[in-house]
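These protein sequence lines map, in sequence, to chains A and B.
For the first sequence, the residue numbers in the numbering used here are 1 to 337.
For the second sequence, the residue numbers in the numbering used here are 1 to 287.
Mixed in with the good hints, there may be bad ones.
Said to hold, decoys possible - Some chain B residues flagged as far from chain A (calculated, every beta-carbon gap over 10 Å):
| hint | residue |
| --- | --- |
| 1 | Ala32 |
| 2 | Gly143 |
| 3 | Gln168 |
| 4 | Met183 |
| 5 | Ile191 |
| 6 | Thr213 |
| 7 | Ala220 |
| 8 | Gly237 |
| 9 | Leu240 |
| 10 | Arg241 |
What the hints assert, rightly or not - Below, a sample of chain A positions facing chain B; criterion: calculated Cβ distance under 7 Å:
| hint | residue |
| --- | --- |
| 11 | Val25 |
| 12 | Phe27 |
| 13 | Val29 |
| 14 | Leu30 |
| 15 | Thr47 |
| 16 | Ile141 |
| 17 | Pro179 |
| 18 | Trp203 |
| 19 | Val317 |
Worth flagging that the hints you see were computed from the coordinates, not collected in a lab.
Glycine included, C-beta positions come from ideal geometry on N, C-alpha and C.
Below, each chain spelled out in residue letters.
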Amino acid sequence: MASLRSYIITRLLLVIPMIFIVLTVIFIVLRILPGDPVITVLGPKATAEERERLREQLGLNKPIYIQYIEYLGNIVRGDLGRSLIFGRRLVVDEIMDRFPATVELAITSLLFGAGLGILVGSLGALSRRKSVDILSRLYGIISYSFFIPWLGLMLQMGLSIGLGLFPVSGRIDPLLTPPRITGLYLVDSIITGRFDSFLNALWHITLPTVTLGIVISGIFAKLGRTSFSEVLVQDHVLAARARGVREPTIFRHHVAKNAIVPIMTMMGLQFALLLGGTVLTEATFSWPGMGYLLFERILYRDYNVIQGVLIIFGLLVALINLVVDILYAYVDPRVRF
Amino acid sequence: MVSMNLSRLIGRLLPKGRTPHYLVYTGGSIVAWIIIMSLIAPLLTEYDPTVPVANPLQPPSPKHPLGTNNLGYDMYSRLLYGGRTVLYIVLLSTLISMVAGVILGLVSGYYGGLKDRILTLIMDSVYSFPDVILAIAISIALGPGIYNAAIAIAVVYIPTYFRMVRGQALVLREQGYVTAARMLGAKDWWIMSRYILPNLLPVVVVVFTLNVTDAILTEAALSFLGLGVVPPTPDWGYDLRAGQTYLPAGYWWLVTFPGLMIMLLVIGFSLIGEGLNDILNPRISRR
C-alpha cells in the first residue's frame with residue numbers, strides 16, 4: 001500500500017493549486033470582467049457619492065492586485081465579509097445555516113438517482129428483449145432532458161396542490177425541528193430519537209429528491225447500460241457461462257462487480273451536475289439551502305453573500321474531486337502510477 | 001472514427017432502417033418543427049408577445065389557445081416568440097464556444113509546450129466548475145440581457161470543445177501525412193486547417209449537438225433565476241419563473257407549456273446527438 005500512500009500525498013498537494021485556480025476564476029469573473037459590482041449592487045440610479053462609499057466598504061477602490069491579495073487572505077482566515085442587508089450578518093454564518101440543507105438534498109438525490117438510473121440501465125443491458133433496451137435508452141435521454149424547475153413544478157402541481165400528498169415547500173414543520181447536531185434533519189432526528197421529526201423531514205424532502213434524482217438518474221441509466229453491456233460480452237463471462245455457472249451467480253460475481261466500478265467513478269463527476277441541480281431544485285421548492293440563498297440574494301444583489309456562496313461551491317467541487325480520485329486509486333491500482 | 005471526413009459522415013446518415021438513423025430523424029424533426037414554428041410566429045399568431053392583449057389570467061380558450069398571464073399577455077404568442085429568443089441565445093453561444101474551443105484546442109494540442117500546459121490548466125479548472133453555477137457567476141458580473149446571457153453560456157462551454165479537440169490534435173499531429181506535409185514545407189496554420197481540422201469535424205458535430213442540449217438547459221436556468229433576458233422579452237425560462245407564483249392558485253397553463261417546449265427542444269437535440277454518436281462510434285450500440 002506504499003504506492004497508495006504516496007499517491008494520496010501527491011494528490012493532496014495538487015489540491016492547493018486547484019483551489020487557488022478555482023478561487024482565481026471566481027475573482028476574475030466577479031471583479032475583472034466588464035460590469036461594475038457597485039452598479040450591480042446599487043443599480044444604475046445611485047449617486048456618485050453612494051457608489052464611492054460602497055466601493056470603499058467592499059474594498060474595491062484599491063488597485064486590483066491588492067484586492068486579489070486581500071481576497072485570498074480573507075478566505076484563508078475564513079472571513080467572507082458581511083451581508084449587505086438583513087442585519088449585516090457574517091456571510092460565514094449565513095452559509096453555515098444553509099449548508100446542511102444542501103448536503104442533505106444532494107445526498108438523498110444522488111442515492112435515489114443513482115439507484116433508479118443503474119436499475120433502468122442494467123435492465124436495458126441485461127434484457128434479451130430489444131424493446132426493453134430501447135425503453136431503457138429512451139428513459140436515459142428523456143429524464144436528462146427535464147428542466148429541473150419544470151419537473152418540480154409539475155410534481156408540485158399534481159402531488160402537492162392537486163392531491164395534497166406532499167408539502168409545497170419547506171424543509172420540516174418548524175415545531176418538529178430536531179436539535180442541531182449535524183444540521184441534517186434526517187440524521188439529527190434519528191440521533192435524538194425523534195421519530196415524528198424524521199418522518200416529517202422525510203415527507204418534506206421527498207419531492208425535491210425525486211425531482212433532482214430523476215434528472216440525475218438519466219446519466220446513470222446511460223452509464224449503467226453501457227457499462228453492463230461491455231462487461232456482458234467479455235471473455236470471463238462467456239467462460240463462466242460455458243462452465244455452466246447459473247445466470248444469477250454470473251450476474252453477481254462476474255458482471256455486477258465489474259460494471260459498478262466505472263459507474264462509481266463517474267459518480268464523482270456527476271457532483272458538478274448535482275450541485276448545479278441543487279440550485280435550481282432549491283429555487284423551485286424554496287428549499288433553504290445554499291442554492292436558495294444564492295437565488296434570494298441575487299434578487300437583493302447581496303454581493304458578499306453571492307461571492308461567498310460561489311467560493312464555497314468552488315471549494316466543495318475541489319474537495320469532492322479529491323475524494324473521488326483517492327477512492328478511484330483505492331479501487332483501481334493502475335491509477336497510482 | 002477520426003479519419004472520417006464530413007462528406008462520408010453525411011454518406012453514413014443516408015442508409016435507413018436502423019435505430020441510430022431513426023434517432024437522428026426523430027430528433028431532427030422535433031428540432032425542425034420548433035425552429036419553423038418560431039420563425040413563422042407572425043403567421044401563427046396575431047398578438048404581440050410583449051403587449052397586454054386581453055384580461056389577465058384567462059384559461060386556454062379558442063381565442064388564446066394557451067391562455068393569458070398575470071399581465072394579460074397571450075401565452076401562445078409568447079411561446080412561439082420565446083422559441084426565437086431561446087434558439088438565438090443558444091445557437092449564438094454554442095457557436096462562440098465551438099469556434100473558440102476548436103481554435104484554442106488546435107493550437108494547444110498542435111504546439112504543446114508551456115502554452116499547452118497553461119491553457120489546459122485554465123480549461124480544466126473552468127470545466128470542473130458546475131456549469132450552471134459558473135454561468136450564474138458570469139451573468140451576475142455582466143448583468144442581464146440576451147447578449148450577456150449568450151456570453152456567459154459561451155464561456156462555460158469552451159472547455160468542452162477544447163478538451164476534445166486538443167486530445168485529437170495530439171494524436172493527429174503524429175500521423176505520417178502530417179509529418180510528410182511538414183517536410184514538404186507546409187506552414188503550421190496550413191497543416192492545422194487542411195490536415196487536422198477536417199478530420200476533427202465529425203467529432204465536433206457530435207459534441208456540438210450534445211452541447212446544445214446543455215446550453216438550452218443553462219439558458220433556461222439563467223432566465224428562471226432572473227439573470228437571463230430582460231422582461232418583457234418572451235423567453236421560456238423566464239415565463240416559467242413568472243408563472244411559478246401563480247401555480248398554487250391553480251393557474252396551471254402558465255408553467256406547463258414553456259417547460260414542455262424546453263424539454264422537447266432538449267430531447268430533439270439529444271436524439272440527434274445520440275444517433276450521430278452511434279453512427280460514428282458503433283462499438284457500444286452494436287450488441
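TODO: Against the structure, test the hints numbered earlier, and report the numbers of the ones violated in rising order.
DONE: Failing hints, ascending: 2, 6, 7, 8, 9, 10, 12, 15, 17, 18.
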